[in-house]
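J.: First to last, the sequence lines map onto chains A and B.
Going left to right, the first sequence walks through residues 334 to 672 as my numbering numbers them.
Going left to right, the second sequence walks through residues 34 to 153 as my numbering numbers them.
Some clues are possibly wrong.
SDA-like mimics (lysine to any residue), calculated; alpha carbons at most 25 Å apart, straight line [to be verified]: (1) B/143 <-> A/597; (2) B/143 <-> A/647; (3) B/35 <-> A/630; (4) B/95 <-> A/653.
By construction, these hints were calculated from the structure, which means they are not laboratory data.
What you are looking at is a predicted structure, and each value in this text was computed from that prediction instead of being measured.
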Amino acid sequence: MTWLSNDLVERLRDVASRPELASDRYVILRPIGRGGMGSVYAARDEQLGREVAIKVSNAAAAADDLDQRLRQEARVLARLEHPGIVPVHDAGLLDDGRWFYVMKLVRGETLADHAASLEHEAARLVVFERVAETVAFAHAAGIVHRDLKPSNVMVGQFGEVLVLDWGVARVLARANRESGAGARGHDRHPDDPIDGTSGGTRMGTAGFMAPEQAHGDSSNAGPPADVYALGALLFWMWTGSAAPADLSDVSRSLGAVSPAPSKRLSAIIRKCLSHAPADRYASAAELMEDLARYRQGSSVSAHRETTIERAGRWLVRYQTFVWLVLAYLVMRVAFAFLR
Amino acid sequence: MKKPVLGLLLGAVLGAFDGLTALATPEVASQIVGIVIGSTLKGLIVGALVGWYAYRVQSLSKGLLVGLVVAAFFAFLVAAMPQPDGRHYWIEIMLPGSIVGLIVGYATQKFGQGRGIVAR
Chain A
334 MTWLSNDLVE RLRDVASRPE LASDRYVILR PIGRGGMGSV YAARDEQLGR EVAIKVSNAA
394 AAADDLDQRL RQEARVLARL EHPGIVPVHD AGLLDDGRWF YVMKLVRGET LADHAASLEH
454 EAARLVVFER VAETVAFAHA AGIVHRDLKP SNVMVGQFGE VLVLDWGVAR VLARANRESG
514 AGARGHDRHP DDPIDGTSGG TRMGTAGFMA PEQAHGDSSN AGPPADVYAL GALLFWMWTG
574 SAAPADLSDV SRSLGAVSPA PSKRLSAIIR KCLSHAPADR YASAAELMED LARYRQGSSV
634 SAHRETTIER AGRWLVRYQT FVWLVLAYLV MRVAFAFLR
Chain B
34 MKKPVLGLLL GAVLGAFDGL TALATPEVAS QIVGIVIGST LKGLIVGALV GWYAYRVQSL
94 SKGLLVGLVV AAFFAFLVAA MPQPDGRHYW IEIMLPGSIV GLIVGYATQK FGQGRGIVAR
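Looking at chain B on its own, in the form it has when it is part of the complex (with noise of 0.2 Å):
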């Protein structure tokens, strides 16, 4: 499987994931289907990032260092919505969304097809 391959599923399984982690929270737990969605979109688009920056740069720490970047960016974006009460879920959301892009960065790096070389 290519990396870039490899980034959006393994995006789109935990930004689903992370997504219902929601159903924690009761304020919003009724407007789950709507940020499950919101964060596959997310966790796709960041691993497809990531994903094509792993196979183009074989590094660990700056894989590391690009998901972190790459999936907090988003996260902020995500984060900067505010929600019907009018607050904002900054930590609940961008702490958690920027491992998500660190264990996308890892996974992306460590594993998957490069450019000509399999990484394991």
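Excised from the complex, chain A in its bound form (with noise of 0.2 Å):
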């Protein structure tokens, strides 16, 4: 009797794994990722001549419940057209009955493996203003991701930033409503997107999950869910660690790490990662407005500044205008001394 090598029996498992498309359009290339939900390959369409990926749900049947989950994120998906947010071209079924569907292969990294080369304030804050553009544009279509963390933002080689894995996302009943496709109050045509839990269900990873998730609420969980993973998202970019579940571990681990954040966007930081959903900003789009007045330099919501704080901020906000003063002042001094 002969063994087989290790390589061997992984290769025969990956190929044996590999689906089975009933068309000739899409010829599976290589297996890139493996989760919880569904297995993605890179594919090559033939019709089109480009390379795309396809993801498939990992389900033993269909009618499977995480089937219906992939069902749910490719409509989730082709409902969000923004450049955030990975384009689906296509759907369809396996010869198993299995869901699939094909979407534009982005090449680039995680923000897991990307977040290292991002050193300053500034380059982290544009990667991280872009995911939470493209979360502020999900909430707005009445749509909650409810799994942010740094391995479902994917940075391209050109600097796109994508949010990924929308398997357990959220759609409000306003937006069903909205969308035409509940005609009475929660009502919800079969095919429309579902919320995919139930009371007492927890979605969401350890660290980035809202109080309320990781309590079981999770088909409560609202854009003030998103924005706690959003917090925790920032919190993690400066730390390298997942965030505590107390505030002033929040505050203590912002204040050791070198260098620090500053007041207001530590205080922006604490105020995403509040216990109360009530205490957090309301969507990812008012985190952003907070942002962007911390990016001008002017006063935050989250934080109320002491009059020196305030007069210190003014004085660097404009200190060119500051600098150009005192060297009038100190020309004009000096002019009348050296007389």
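Mind docking these for me? Both chains are given alone in their own frames, and the hints should help you get the complex.
T.: This is the structure:
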């Protein structure tokens, strides 16, 4: 009897698990990644002559919960047309009845890998604001991501930032009604994206998941849950670790890193990470407004400044002006004394 | 407030202040009224020109440069006029005058209403 090498076994396993596509339009090239819900493969679209990514459900059978989630993800992605969201090109059923969908193949690295190259605050905030902008767009469309984390953010070769993995996204009832899916109240068309969670279900990733999600209330997680995750993402970008549950630990950790974020930025992060959803920003858009004020050197809603802090901020913001006035006054005094 | 108006007002105020500093020079203190009026007029003209430029072009570096050049030019014209004692106060007039131009150039780029957008 001849034993098969580990490499060979691995290759056989890989080939065996590759999806059997009914049409010959897509040719599977290689696996890219595998998550709890589905596996992603790089494939070649023979019709258009380009490489694409195909996500296939890991479910053993159609109508499985995972299969439903993959369908939901494809529908959510199709609904959200935004530069920060991977566009869906096609969707369908495999021979074994499982769902798959075809999307743009994104070349780049996840934020988890890319973060080390973001040394300066400005570079970090540029990436972060693109994530927040995408999430704000989703909120405006009535969709909550519910699983934002560094590995779900992709930074492309040309600096494009994409938010991935919308598999546990929640479609708010309002969005269903506005899109005409529900005729009355919370009614929903059978084919419309579903919430995907019931009361008591835990969805998300520890350290990035809002307390209400962690307590199993995922079905009620609204935009503030994403705001929490965005705050956790900001916290992670500075500290390299997931957000602690205690707000005082958040302050301590932020104060301990070098260079530490400014007081105003720390306050923004703390506001995002508040335990009560009502204490956070109401949506990603509101968070972005405060971040924009921070970047302009204005006061932010998350931090009440003392007069000295306000004066200091003004001096820093208009330092060129202050230096010019000082130079003028020094010159005038010098002329008066040198006479 | 539109940028040219801001430039005009700021130029006038800074020009008047700049003129008043002549009080520290006993040799010209007797001509202070004329100096303040002349300096204010100079500030008005420089402020209006720099403010008009800021209204047309949104660029801090270019605004500063224009403020410096315009103010230095007008300060040069003033400094070129000899004082009753025959002396020229080149440095005393041109250096602070140029800095005033820089201040006006900066302020008009940073503040005031431009063409359709509000600069903050």
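J.: Now look at each hint and say whether the structure bears it out.
T.: These are the hints, each one checked on the structure:
1. B/143 <-> A/597: Between residue 143 of chain B and residue 597 of chain A the Cα gap is close to 23 Å, so the pair holds against 25 Å.
2. B/143 <-> A/647: Given pair residue 143 of chain B, residue 647 of chain A holds - Cα atoms ~13 Å apart, limit 25 Å.
3. B/35 <-> A/630: Holds, at roughly 23 Å.
4. B/95 <-> A/653: Given pair residue 95 of chain B, residue 653 of chain A holds - Cα atoms ~14 Å apart, limit 25 Å.
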